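Residue numbers (my numbering), protein chains in the order written: chain V, 1 to 297; chain B, 1 to 422.
Just so you know, these hints were derived from the structure itself, not from any lab.
Since the model is a prediction, treat every value here as computed from it, not as a measurement.
Be a bit skeptical, because a hint or two may be false.
What the hints assert, rightly or not - Lysine to aspartate or glutamate pairs mimicking EDC-like chemistry, simulated, CA-CA at most 20 Å apart:
1) K174/B to D163/B
2) K248/B to E138/V
3) K410/B to E70/V
4) K395/B to E191/B
5) K306/B to E316/B
6) K46/B to E316/B
7) K228/B to D392/B
8) K216/B to D206/B
9) K275/B to D102/B
10) K178/B to E196/V
11) K178/B to D155/V
12) K159/B to D224/B
13) K169/B to D224/B
14) K306/B to D163/B
15) K77/V to D392/B
16) K248/B to D224/B
17) K397/B to E70/V
18) K343/B to D369/B
19) K395/B to D155/V
20) K228/B to D271/B
21) K211/V to E196/V
22) K174/B to D224/B
23) K178/B to E138/V
24) K128/B to E85/B
Stated by the list, open to error - Each pair of labels, with its calculated beta carbon distance range:
25) S92/V to K397/B: 34 to 40 Å
26) V56/B to P20/V: 24 to 30 Å
27) I85/V to N356/B: 55 to 61 Å
Glycine included, C-beta positions come from ideal geometry on N, C-alpha and C.
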Amino acid sequence: MTTVPPPAPPRRRPRVPLAPYLFILPYLLIFATFWAWPIVSSFLMSFKDSRLGAAAGYGLSNWQRLLTDEFFRTALKNTVIILVIQVPLMLSLATTLAVALNSRLLRARGLFRFAFFAPLVVGTVAYSAVFRLLFNGEFGIVNRALTGVGLPEVDWLNQPVPAMAVIILAMTWRWTGYNAIILLAGLQGIPEDVYEAAAIDGATPWQQFWKMTLPLLRPTLLFCLVLSVIGTLQLFTEPALITNSGPGNATMTLGTYLYQQGFRSFNFGYASAIAYAVAALAAIFSFAQLRLFGRDS
Amino acid sequence: MKKLALLTTLSLASAASAQSLSGTVTVWSWDAAAKALESTIPSFNKKYPNVKVNVVDLGNQNVYDRGLAGCAAGGADMPDVYSIENNEAEVFWARFPDCFTDLNTLGAAKYAKSFPAFKWTELTVGNKRYAMPWDSGPVVIFYRRDLYQQAGVNPTAIKTWDDFIAAGKKVNAKFGGKVKMGAIGNGQDDEWFRMLANQNGCFYFDNTATQITIAKSGCVQALDTVKKLFANDVVMTSDWGGQITAFKANRLASAMFGAWYEGTIRTNAADQSGKWGVYPMPASKAGGVRASNLGGSALALPSSSKNKAAAYAFMENALATTNGQVTMLKSQGLVPSLLTASKDAYVNQKQPYWGNQTVWKTILDTLGDVPAARGTQYFQDARQVMIVVQADYIKGKYKTAQDALNDAAKKISAATGLPVAK
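Pulled out of the complex, with its shape left as it was, chain V reads as follows (with noise of 0.2 Å):
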């Protein structure tokens, strides 16, 4: 019995069509160049021991560093802190803002809206440089406002506590209006029949803010926590400019320290592992919240 090779099928392979590969081909070279390869690069990175020079081995050094590493540790605890304060205070402000901004009550909207907006126009490192001015301890205005009425000063930028309130009180300054503005616009989806219906079921304004408003905003509310947090994690302007992450490591955060370590030490494989917990952890409160707060939308 001789086997017969059974005749080739013919060839048809299925057409898949080039053009557009070709066109998008320049941006995937430069997103796998610049985007893709900078971060499996920075991954193995954080497994290399940079202080041991270019012939250091793959290892978990800098990873078990980590876990021990006193300032890490001082780094993140400040990072939740200002979380934990600063970003409720902040939401709640804009939405309050927003609501405020939405009223029909109030002339001159759009001048409003735009002076709320207007501290994210101003450049970072100038407004920083303004609030060291503001709370320099000695010639500061807010000193001087303090003893005006008859308050007592505060080393505001050589304290820990109050370099945290510092630092909290300028980012709550640039970022509410940006918020409120994005929360105003999620107000602005919310169709006014809704209200009309509440109010002829007898729903005071209150109850209407309570159970309306904040459900119905949710979403966009949510969009701002979630940006908000992925923001305090990644902290760096602020306590970068206006108090060093000073006194002492009073308000190092994850985003100072990881540059602390990157380009004062020259650290960079630690400096990834940093990198790379800081996304863990964004990518964790992230999930968490759309888990708590996202349920059905």
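Please build the complex by placing chain B on the supplied structure of chain V, with the hints as guidance.
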């Protein structure tokens, strides 16, 4: 006769090579340092007329950051001459050993004895010389003659830190606590600790950069003194800017820093001309060392330079000649680290701003006594720990300075992986 002929041939040869050097030398530097380097260009061009020198003032932080980026990119976009602070230098040699030229290959070994040993410590690795010493920061006390006199304090009688504190009490009594003997950037920096530790021959690390020595007795004594200064209320807490504001407002009777602070006082308080003077820092105990160093820089030559011979010639003229170093002292107050420069006539001139004192002589005379100390590649890590530990100790978190520094040593060890010295 033979000798003379040889010398003539040699000098002819060097003249010929001087003529043959050409092209452009780009120098990266910052602020006053950049201006000082610029002031040496005329004398350089007299020797090497065909080389064009281009000094770029990038600002201190930018030089560091762009040097880091350039070295990480394998030497791309680096200048021909690179300015680097001594303390921060070693991290470059450690992370990027091929980024800079070994100056011994260009003949720098002959300058080994021309600079004090402590300046070379951070610039050499094994038998490689990665940079040439530039200026240094011998520590002195700058004081207000008028305020000391009003309080009945005699600066020449201040020989130890205890004398200094006693003087501070007199100043407090006279001015009701409004005027202080010094400003310490507690919580912002640990400079006072470093100046005092260096004086006692102690530092974060040993001079082979293999052990953490911050818990040794010299450092303990230094931290103790810092605490005593606060406990006796003779110093104020103030950052860089606050200190300037304070001395302008007559709130400081003295200040301690590297001698490069001379220019800062002179330019910021021009109206206090004649009222200031200088004396050596007090010793830890009678007869002890009254010298220390804070800061100072060096020049390095990136391996990627296309014009190494000319770049090296520029460095030689600016740093390794008395004329070059004194030119920079005159123009910007940079303290020469070249030993022969301390014998120049200018150094012995009376300075009118400083009450006609020969301040440069007072300052430079301490250079030979400065104990060696190494920033090592871990300088920034250790400094960050020490800033916090010092602030905590002043606040009362630790019982003794020894406890505080044991904790600091443990933390620095965790950050660097180096063992703590027994």
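Now for the hints, and whether the structure bears them out:
1. Between K174/B and D163/B the alpha-carbon distance is near 17 Å, which keeps this suggested pair within the 20 Å criterion.
2. Distance restraint check for K248/B and E138/V: the Cα-Cα separation of roughly 14 Å lies within the 20 Å cut-off, and the hinted pair is therefore satisfied.
3. Our distance criterion of 20 Å between C-alpha atoms is met by K410/B and E70/V, whose separation comes to about 11 Å.
4. Annotation: proposed proximity of K395/B to E191/B holds, straight-line Cα distance about 17 Å (limit 20 Å).
5. About 18 Å separates the Cα atoms of K306/B and E316/B, which keeps this hinted pair within 20 Å; it holds.
6. In summary, the hint linking K46/B to E316/B is supported, as the alpha carbons are separated by about 14 Å, within the 20 Å threshold.
7. Between K228/B and D392/B, the direct Cα distance comes to roughly 14 Å. Compliance with the 20 Å bound is thereby established for this hinted pair.
8. Restraint check: the Cα-Cα separation between K216/B and D206/B comes to about 10 Å, which is no more than 20 Å; the hinted pair holds.
9. Distance restraint check for K275/B and D102/B: the Cα-Cα separation of roughly 46 Å exceeds the 20 Å cut-off, and the hinted pair is therefore not satisfied.
10. Distance check on the hinted pair: K178/B and E196/V sit about 68 Å apart at the alpha-carbon level, beyond 20 Å; violated.
11. As the CA atoms of K178/B and D155/V are separated by approximately 17 Å, the hinted pair is consistent with the 20 Å bound.
12. For the suggested pair K159/B and D224/B, the alpha carbons sit about 17 Å apart, so the restraint of at most 20 Å is met.
13. In summary, the hint linking K169/B to D224/B is supported, as the alpha carbons are separated by about 18 Å, within the 20 Å threshold.
14. Taking the CA atoms of K306/B and D163/B, the gap is near 56 Å; set against the 20 Å cutoff, the hint is violated.
15. Of the pairs offered as hints, the one joining K77/V and D392/B holds, with about 18 Å between alpha carbons and a cut-off of 20 Å not exceeded.
16. Straight-line distance between C-alpha atoms of K248/B and D224/B comes to about 29 Å, which puts the hinted pair past the 20 Å bound.
17. For a cut-off of 20 Å, the pair hint linking K397/B to E70/V stands: about 16 Å separates their Cα positions.
18. Straight-line distance between C-alpha atoms of K343/B and D369/B comes to about 16 Å, which keeps the hinted pair within the 20 Å bound.
19. As the CA atoms of K395/B and D155/V are separated by approximately 15 Å, the hinted pair is consistent with the 20 Å bound.
20. Taking the CA atoms of K228/B and D271/B, the gap is about 33 Å. The hint is violated against a cut of 20 Å.
21. A distance of roughly 14 Å separates the Cα atoms of K211/V and E196/V; the hinted pair therefore holds under the 20 Å criterion.
22. Proposed proximity of K174/B and D224/B is contradicted: the alpha carbons are some 26 Å apart, above 20 Å.
23. A threshold of 20 Å between alpha carbons decides the hint, and for K178/B with E138/V the separation of about 14 Å falls inside it, so the pair holds.
24. Under the criterion of a C-alpha separation no larger than 20 Å, the hint pairing K128/B with E85/B is consistent with the structure, at around 18 Å.
25. Judged by the Cβ atoms, the range 34 to 40 Å given for S92/V and K397/B holds: they are separated by roughly 36 Å.
26. Distance hint check: the CB atoms of V56/B and P20/V are about 47 Å apart, inconsistent with the given range 24 to 30 Å.
27. Against the hinted window of 55 to 61 Å, the Cβ-Cβ separation of I85/V and N356/B comes to about 58 Å, which satisfies the hint.
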